[in-house]
Amino acid sequence: MVDLSVDLGFIGLKNPVIPASGTFGYGEEFLPFFNLDLLGAFVFKGIYKNKRMGNPPPRIQETPAGLLNSIGLPGPGMKELKKIIKRVYQSTSTPIIINVCGETDQEYLDVAEYFDRMEEVAILELNISCPNVKSGGRCPAQDDKHTYRLVKQIKQSVSTPLIVKLSPNVTDISAIAISAEEAGADCISLTNTFLGMAIDLESRKPLFSKIVAGLSGPAIKPLALRLVWEVARCVHVPVIGMGGITTGQDVLEFILAGATAVQTGTINLIEPSASIRIIKEIEQIMKEQNLMNLRELRGTLKT
Amino acid sequence: MKEETGTIVENHHIQNEYYLIKMRADHVSKQGKPGNFIMVSASSTLEPLLKRPFGIFDLNPPYIWIYYKVVGRGTRLLSTLNPDDKISILGPLGNSFPVLENETILAIAGGTGIASVYFAIKEYLKNNKVSLIYGAKSKNDLNFLHSLETISLAGLYLYSDDGSIGIKGVVTADIKKIINQHGITITISCGPDEMLNRIFWIIKDLKTDDYASLEAIMGCGFGICQSCVVETRNKEYKQVCTDGPVFKMEEIQW
Ligand SMILES: Cc1cc2nc3c(=O)[nH]c(=O)nc-3n(C[C@H](O)[C@H](O)[C@H](O)COP(=O)(O)OP(=O)(O)OC[C@H]3O[C@@H](n4cnc5c(N)ncnc54)[C@H](O)[C@@H]3O)c2cc1C
Ligand SMILES: Cc1cc2nc3c(=O)[nH]c(=O)nc-3n(C[C@H](O)[C@H](O)[C@H](O)COP(=O)(O)O)c2cc1C
Ligand code: FES
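Quick mapping for you: the protein sequence lines, in order, are chains A and B.
The opening position of the first sequence corresponds to residue 1 in the working numbering, with each subsequent residue numbered one higher.
The opening position of the second sequence corresponds to residue 304 in the working numbering, with each subsequent residue numbered one higher.
Don't read these hints as lab results, they were simulated from the structure.
Check each hint, because a few of them may be wrong.
[What the hints assert, rightly or not] Some residues of chain B that are not near chain A, with every Cβ distance over 10 Å (derived):
| id | residue |
| --- | --- |
| 1 | L403 |
| 2 | K480 |
| 3 | E539 |
[Stated by the list, open to error] Not the full set, but computed from the structure, chain A residues with beta-carbon under 7 Å of chain B:
| id | residue |
| --- | --- |
| 4 | L4 |
| 5 | D7 |
| 6 | E29 |
| 7 | P32 |
| 8 | M53 |
| 9 | P57 |
| 10 | I60 |
| 11 | I71 |
| 12 | P74 |
| 13 | K86 |
| 14 | G217 |
| 15 | P218 |
| 16 | P222 |
| 17 | S273 |
[What the hints assert, rightly or not] Selected chain A positions facing chain B (in silico; Cβ < 8 Å):
| id | residue |
| --- | --- |
| 18 | L67 |
| 19 | T246 |
| 20 | N268 |
Heads up, the beta-carbon is just placed ideally off N, CA and C, and yes, glycines get one too.
Work the whole structure out from these sequences, hints included.
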């Protein structure tokens, strides 16, 4: 028997596969496809304090091997989400991760504190890569000092383990990751989507109302792998890798690059049961390579 | 709703860019209702990445039919499928047209919009009177005329932009007249947004109950990505894939 379990320090997971925020709804939408207990953990779509409409359509465009999205984080607000969490918690023992968003530091703090009090929430993932409308689309994860300040503030007021989710849209990802770690992050996850854009030639206008959009899917896998490798080399907390994962082989590559666990994103939209297939593929490859557990593999990239 | 692998039985090239696929799909063929759609991918790689949405044109377990027009990468790939080829399917998806009895129904279809109303028309004919207005650019874009003539519609009105078949003009030209003439109580429409928009403004003050099947760019088809939204009259967004694709016309901000 191969051992698929992984240890994030603050929590052990039965396997390294975690469906990512915004690509897995609230988990319950996937009950027709599989038992949520089979997952390592799963992340709810991002939540702000109040109800949000999101951006006007169009909100996505398919690109070669990728997906551009400008959904704009619509959601019911944190009070409504609480009811959903309680309901979903009844259907699974798999740890639930809440993806915390905010337009201001205070909002991030309010949302984090609100869910900190819920026993049904195992982990908070701080989405410091959401674009901040007030600062012209920039996000805290693009500034190491802002990252430090925000993470520190949140760590001081919540006791639920905190994952900090980084943006790839920076020059020096290590600096941001180190700031998050120094401020007390229990874990780093990366990467959120890469900024891109689409233009409608006929109207000579940007396709999306916010002009820029986020690129995900297989197209970004090599870029994400490089960022994960770089971050895993310079922080001591566990790293959760993501970006374009579609197979068990992709997962093992991220683990070789230094990730302890991974998140599956866009593939969940296309193949709802993908995460379960991926878990099986990991197990299969481990058997073929005589690997007893994933610790043996993590960060053992021969450079 | 389930993921299943369908098997192509026939991929019939009707004319020009138009095809009718018959495929074996055990689950969808049993569960599908008029108005439902499916997401399909003909690719065994992830290129193109997303599945494409199509209405269930017709079904007869274990088979379903999809009527499509080749417009881009995904539909072009569909057109290359041969008998026994596999196709991945997610479905049935979305809501369906209402179940009706003893009504006098008018279906209005523009172009491939016929795909989303044909199955409904066949069901409705069992317990209702049904008429159909069906239009497209030219006679090369109007298909299934033979079967439409044989299913005992109370009225069949054909339109073409160029006058090559039926009445020269758009499907909205005589709607009011036809509604009055037949004493229509319910309308169901599917076609380009522009056509639906025009229909809405023409019939909004009549006493008919009006339903439309909408299209939207879809990332997933089952309610996850929130990409397929349409604005409603009370300034909210609804998801076409889960709240629709069938909406009461007055709900939508036209
Ligand atoms: C609920 C629903 C039912 C549909 N039923 C039918 C049908 O029965 N027969 C038929 O011929 N067509 C139908 N369509 C439209 C069909 O989905 C598109 O023609 C098809 O997705 C085009 O794919 P492509 O790769 O060939 O085109 P491309 O232009 O290369 O596609 C690029 C992207 O845009 C999307 N897209 C392009 N056109 C449309 C469109 N009109 N509506 C939604 N997404 C689009 C594609 O899915 C893809 O994600 C339906 C659409 C919806 C939403
Ligand atoms: C439709 C969509 C919605 C997303 N919503 C969120 C979100 O709410 N919060 C978040 O942190 N990331 C969000 N993401 C980013 C994903 O969680 C993930 O970081 C990214 O897509 C890269 O992984 P992938 O290439 O496997 O999709 C979203 C991505 C997509 C495609
Ligand atoms: S297509 Fe993804 S939510 Fe409708």
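Status of the hint placing A:L4 at chain B (closest C-beta pair under 7 Å): violated (23 Å)
Restraint check, 7 Å cut-off on beta carbons, for A:E29 near chain B: holds (6 Å)
Check the non-interface label on B:E539: least C-beta distance to chain A beyond 10 Å or not. violated (7 Å)
Could you check if A:S273 really has its C-beta closer than 7 Å to a C-beta on chain B? holds (6 Å)
When you look at the beta carbon of B:L403, is every beta carbon of chain A farther off than 10 Å? holds (28 Å)
Hold the hint about A:P57 up to the distance rule: shortest CB distance to chain B must be less than 7 Å. Where the cut-off is 7 Å and the nearest Cβ of chain B is about 6 Å from A:P57, the hint holds.
Does the CB of A:P222 sit less than 7 Å away from some CB of chain B? With a closest approach of 15 Å, the A:P222 hint is violated.
Does the nearest C-beta of chain B fall within a distance shorter than 7 Å of the C-beta of A:I71? Hint on A:I71: holds, closest Cβ of chain B at ~5 Å, below 7 Å.
Any CB of chain B closer than 7 Å to the CB of A:D7? Not OK, violated: A:D7 not within 7 Å of chain B, min 29 Å.
Identify whether the interface hint at A:G217 stands, where standing means a beta carbon of chain B within less than 7 Å of its own. It holds, given that the least Cβ distance between A:G217 and chain B is near 6 Å, below 7 Å.
Are A:K86 and chain B close enough, Cβ to Cβ, to be under 7 Å, as the hint says? This interface hint is violated because 20 Å lies over the 7 Å limit.
Tell me if the interface restraint on A:M53 is satisfied: Cβ within less than 7 Å of some Cβ in chain B. holds (6 Å)
Comparing the model with each earlier hint shows violations of hints 3, 4, 5, 13 and 16; every other hint is respected.
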